[in-house]
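Peer 1: Chain by chain, the residues:
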Amino acid sequence: MKLKLAFISFAILLTTFLAGCEPLLVLDPKGPQAETTANVIWISIITMAVIVIVVISLLIFMIYKYRASKQGEDYEPPHIEGNPLVETIIVAIPVLIVIFLSIVSVKSTYEVETVPEGYENQEPLVIYAASSNWKWHFSYPEQDIETLNYVFIPTNRPVEFRLYSYGPITSFWIPQLAGQKYAMADMVTKINLVAETPGDYVGRNANFSGEGFAENTFTATALSNEEFDKWIDEIHSTAEPLTEEQFNKLLKPGHLGQMTFTGTHLDFAPAPEGEHAGHHHGDESEDETNTEHEDHSNH
Amino acid sequence: MKLDKSQPLEYGTHQNQMNILGFWIFLGAEIMLFGTLFASFFTLENGVGSGPTGADVFEITPVVLETIILLTSSFTIGLATHAMRINNKKATLVFLGITLLLGLSFLSVEIYEFIHYYHVGLTLQTSAFSAILLTTLGTHGAHVTFGLFWGLFIFLQIKKRGFTPETTNKSFIFSLYWHFLDVVWIFIFSFIYLKGLM
Amino acid sequence: MEFFDRFAVPHPSPLIYASMVAIALTLIAVVIGITYFKKWGYLWREWLTTVDHKRIGMMYIISALLMLFRGGVDGIMMRLQTAVPENSFLDAQHYNEVFTTHGIVMIIFMAMAFIIGMMNIVVPLQIGARDVAFPRLNAISFWLYFAGAMLFNVSFVIGGSPDAGWTNYFPLAGTDFSQSVGVNYYMWALQISGLGTLMTGINFIVTILKMRAPGMTLMKMPMFTWSALITNVIIVFAFPVLTIALLMGTLDRQFGTHFFASTNGGMDMLWANLFWVWGHPEVYILILPAFGIYSEVIATFSQRNLYGYKSMVGSMVLISFMSFLVWVHHFFTMGHGPLVNGIFSITTMAIAVPTGIKIFNWLLTMWKGKIRFTVPMLYSIGFIPLFTIGGVTGVMLAIASADYQYHNTMFLVAHFHNVIIPGVVFAMLAGLTYWWPKVFGFMLNERIGKWGFWFLSIGFCLAFFPMYITGLDGQARRMYTYSEETGFGPLNLLSFFGAGLMAIAFILIVFNIYYSFRNSPRNVGQDPWNARSLEWATHNPVPEYNFAVTPVVNSSEAFWDSKKNGHNLFPDKFEKIHMPNNSGVPVIMAGFFFIFGFSFVFSIWIGVILAALGIFGCMAYRTFENDHGRYISVEEIKETEKKYGGAK
Amino acid sequence: MKELFPAKQVMGFVSSLLLTVVALCVYFLDMSFEVGMTILLVTAFIQAALQLVFFMHAGESSDKKAIYTNVYYGIAIALVTVFGTLLTLIWGYM
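Protein sequences appear in the order of chains A, B, C and D. The numbering of the first sequence is this note's numbering, which starts it at 1 and goes up by one. The numbering of the second sequence is this note's numbering, which starts it at 1001 and goes up by one. The numbering of the third sequence is this note's numbering, which starts it at 2001 and goes up by one. The numbering of the fourth sequence is this note's numbering, which starts it at 3001 and goes up by one.
The following block holds chain A by itself, in its conformation from the complex (with noise of 0.2 Å):
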């Protein structure tokens, strides 16, 4: 009976798995961050299938070969207390398993925490991602633009998003390129990744953030470089120059469509870091001395 219950479980999960066409977002990486997320989840699904399946045959080969019906009528099951071998077996294996995916697990944790491999080399593009009730805003200081919404960036040049928030705790998630991080009001937080397909990708934010949550999303397209610097140039020659006040009533809670300004709030509004933190994380001497702009509390 067991068997059945297992058999509709796993039946469901294949043939979803199967039916769904296209391949899903989180196991369909376009850039190195994602990849080694996407092989980890491999990695882990693939160890965990073989724990579940194990488990699944023991149960059916105890209840099938044990159940009552089958045995005697005067068969009176044994006393058995256990037994050191089999326990320590059953620790054991479980061990070694823990210790392969902890290894696995801290050694992507740093990767996917730094500039991704190949790319150390080069600048980095930082781009600071802020949200506010439901937008994301996107300002680049170096291109000195903003956009609203959306974001471009280069094909195989790393980016560094710096992340804060307008309001609640808010999470970047660009699925396809990295794993999400949150961004919150009084300190920066930093995503690096790299985009090595061109193309359109879906990102939103993933942490509740209240009423207008569902729709807070946002669009991450990946361009060779030459048409990234073309679009740069195309926007200083078309767009308006985004002032304190339009910027404020843009961070009114809301929704909006994909805008975009020359200059960047960063101007009049700095982000949460170095001077402008809202704490700081037993750095404060260091703080002090340090006096440029550009510094170590990136946390």
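Read the hints as simulated data drawn from the structure, not as lab findings. Heads up, a few of these hints could be off.
Which chain B residues face chain C? A few, computed with CB under 10 Å, are given here [said to hold, decoys possible]:
1) Gly-1022
2) Val-1048
3) Pro-1062
Don't be surprised by glycine CBs; every beta carbon is placed ideally from N, CA and C.
With chain A fixed as given, assemble chains B, C and D onto it according to the hints.
Peer 2: Using the frame of chain A, we list chains B, C and D on its own:
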């Protein structure tokens, strides 16, 4: 109720033993309660915003005074338990009374301290630091206040009913509570005041 | 005018008005019914003032079932809203309230109440005690829980429900972004019921440590009692953290402090941190008693002793400590360095080891057994594969880098339902069916019970397995709607059907209670399941004093031993039995707590002060009270025992 | 009168006063943060232990195992919470 004569009266019945053990476990929870407050305090300690820091507002004299008062009261409640065990009702009441008076003076100093903070511009709303400082001190102070009433009730009960399994048990448990508040204060004294002033 | 505005339903919709009317009508019907049948006196004497652990346990379980209904309706509404893209059944705000209350109601007011109710009924019986260590405190615990639960449910009709998620992250939960009183309700409902839970924790630790039958050493306790002991240890050390976090949250919202604000030095991350320092152990508070129930049920229906008793105990002790070492995995994405994430990733995965030991021990308990497929056993057998899947997806989530992709998605939602439903809900239903005759003296119908099990299991798989896939496809949790292009539609529809099946299962289970009450034969005898542990050594239903004579025990399966090896459990003669008196103080005090909480929610300070005085008045009354309990005479015991058919 | 002041308790009281004086050194004397914290940690924990043993009679009843386990467990978890929180929110950031 079976009475076990081989033990002090407060342990005399099975229910009494359970009460005492239960209170110890409650104190375990209290360790965690104050542990959480300390964890939050250390996290928010530097979050002074535009308000004053600990070093700006702490005054050593009232703090030392509070410490000595509370240490002494912890001593006297210990003596009260001892007097109870040698069956000296009068001494027990005297020591318990002194303890409560010391507790009251501790609270008075603490209230003075809070007024001082108010005058130098540190209130609950000033900054995260001020909020966690006053919450931690306030939680301890609320425990002391609660203890004063509790102690008073026990005082009255011993006075009226003498030493019974119930009154001795309550009085012993109250002494555990009072000693524990002293322990908490030692940590507040060391890691909030002295660390802040250092 | 402003004053009264706060009491209004801030989010009027026909649904809410309809349920308001329904609630009002039900209440009126209940009051009229009780008055008509002249049951007020009975209710007061036998239930509201009771200190009997079995009755308190029953009241916990009844409340838990009511809350299961409430939380279940919330769940169905969420699945219905997301069943198709761009659905307009609920609007965003309403959806937010629904998933927030679903989480709180299910965790705090359903699952917690269910396990505490189960412990109340079973633990004293399993250790051969007359009651818990502090019967009066036990009543206070229940009534505080009940006051908290009612306070939380009032939010739905007066002032508005909390809407910041059950995790209630600041600053979203602060007054800047959540202006209604909803989150105030959250703070006080949890605070009050949490206080009750803490007292339960202390009560049961002392009960188990000090009230065991002669001969029952710690290593001879039945496994459910062990799990209860460990659970209560976790409760005692975890709940104070919640107390402080809620206090700080209240101060932030109602007194303008800056603990979790982003200005003046506050730190929003601190709330998340404290919430999960409590929240993760809370998960183990829920799951360990479930493990205990499965251990009892699997041993009983495999007709074999539990395999690896010592390693079962050892793994639980280990889990209790480790549960406090892993909380950061709930917010890997908060931007800590890989060092912090790495450490907590490893500790999290390490917990899988003791959990794995338990799974294998259950499997080995069936080995060489003689398995009977009763309803409790079906739940236990269904639990093993489903919980394993939930467990391994937990290990997947523990890998920090991968968690960056799973976090906040439906994958996570699928995971924790996959551990909580087969873990806790299945266990509670198994335990309910298993111990039902113990409390009521008749059995639940097996046929209907099995139907319930199959609907629940299949419904569960259909409802939650698709979420793993939509999660990997980028569907964030807590989204009230999604567009057609995302492609989430078909799988969400499947989830909705699954939820429907689960609802049918719930109806079947409740119907089974009614059906069995009407049709099941009474007098099932003392041992309807051929069981093993001490609670079955007394009559069904259990008399007021539990055991006429204190049992003397020689193994963890004392009853089995007495059946098979002729061990004499009751060597002593009848003696008069000391019992605690009933008291109205607990329920009155909880009433004051309710008023206190309600007034605080709306900042009605006069109400707060008066209620606080009431609470202190109750305490003062208690300390001056001279109540030595009462005795049941030997004659009375003999009489009762005769009624049950023979003195034991 | 003498019987009302047992030596053990008087000793405990005197030593806790002495420890307070030692702790006060960190305020009155000039010393580095590390040395000061060490002194405070040592004096605070000794004082707590004094209270526990001399005044609270933690070890006198038949439940002393349970009582000590409970206290140690509480302290251990509280320390984990304090240092874990600091590691997570303050020290551990990149």
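Peer 1: For each hint, tell me whether it holds in the structure or not.
Peer 2: The hints, checked one at a time:
| no. | hint | result |
| --- | --- | --- |
| 1 | Gly-1022 | 4 Å, holds |
| 2 | Val-1048 | 5 Å, holds |
| 3 | Pro-1062 | 24 Å, violated |
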